[in-house]
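*Asks:* Sequence:
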Amino acid sequence: MMKNRERGNPHADSGRGAGTRTPAPRARGGAGEPRPAPVLSVVVPTYNERDSLPQLVSGLAEASQALALELIIVDDASPDGTGTLAEEMAKSAPLRMMVIHRPGKAGLASAVLAGAGAAQSGVVTVMDSDLSHPPELLPALFEAIQGGADVAIASRYVPRGGVDQWPWARRLVSRVATTAARVGLGLRVRDPLSGFFAVRREILTERGYRGLGYKLLVEILARHPQARVAEIPYRFVDRRHGRSKLGIGEIAAFIRLLVTLRVGKLESWRVGKLKM
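Take 1 as the starting number for the sequence shown in full-length UniProt numbering and just add one per residue.
It should be emphasised that the hints constitute simulated quantities derived from the structure, not laboratory data.
Hints should not be assumed to be uniformly reliable.
Said to hold, decoys possible - For each label pair, taking beta carbons as the anchor points, the in silico distance ranges come out as:
(1) Arg170 - Val39: 28 to 38 angstroms
(2) Thr260 - Lys105: 13 to 23 angstroms
(3) Gly186 - Arg160: 18 to 28 angstroms
For each residue, glycine too, the CB sits at the ideal point set by N, CA and C.
Please put together the full structure from these sequences, using the hints given.
*Replies:* This is the structure we're talking about:
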């Protein structure tokens, strides 16, 4: 397992991670007592998710009754006012909540890196804002990390996992992309493209992540082939509000990322052979 290393925020002065932070007032529990320090930081990138946000915060607030967590919203200047709503909700939310405002749409992966840099706990969970990822799974992901895993993945492609409400074309695209990542990068996990996962914070705050597009997990796994990985089954449910962000631009960014990671692995192998 990886050694713990304390790192600063490598994106604090980076264009990808730059933004202003709006923390909630100091969160307090019953009888005015301060809440315990978070053991889990939940990073949620947002772009035009105003309709989903109240239900998301409500679900995470319920989960926080059993697990001390903080919510970090990273908003990319959503035109629909998601960031403004998140800031208002942070003032009275029944859990620790911080909002990071970025000046423009810079991508999901870089938003996760920015949120991880602000996390106060040693474990970071990444989840979507569109209600497709169940907060009820957070304790299982956290327990997997506590049990020795470096990365815990909410997996659609292990027994008892699955996808609901997807048309056949999208299922096909997902399967092809997953196979390309597994074969092209030599990954052994079943769902390297999951957007719902937990990871030790020091892994995310290392320097050097490219943060391209909307899939960060595959880059984490490619950079850390020796990491201990646990896959927890869950059923993905398609978004309840708004439209999917998956488009030609995101697909192109994913292909660029795979090619970049593949070239990097080949170069590392070549250098290793030369040193032998």
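*Asks:* If a hint holds in the structure, say so; if it does not, say that too.
*Replies:* Status of the hints after comparison with the structure:
no.	hint	verdict
1	Arg170 - Val39: 28 to 38 angstroms	holds, 35 angstroms
2	Thr260 - Lys105: 13 to 23 angstroms	holds, 21 angstroms
3	Gly186 - Arg160: 18 to 28 angstroms	holds, 26 angstroms
Checked against the numbered hints above, the structure violates none of them.
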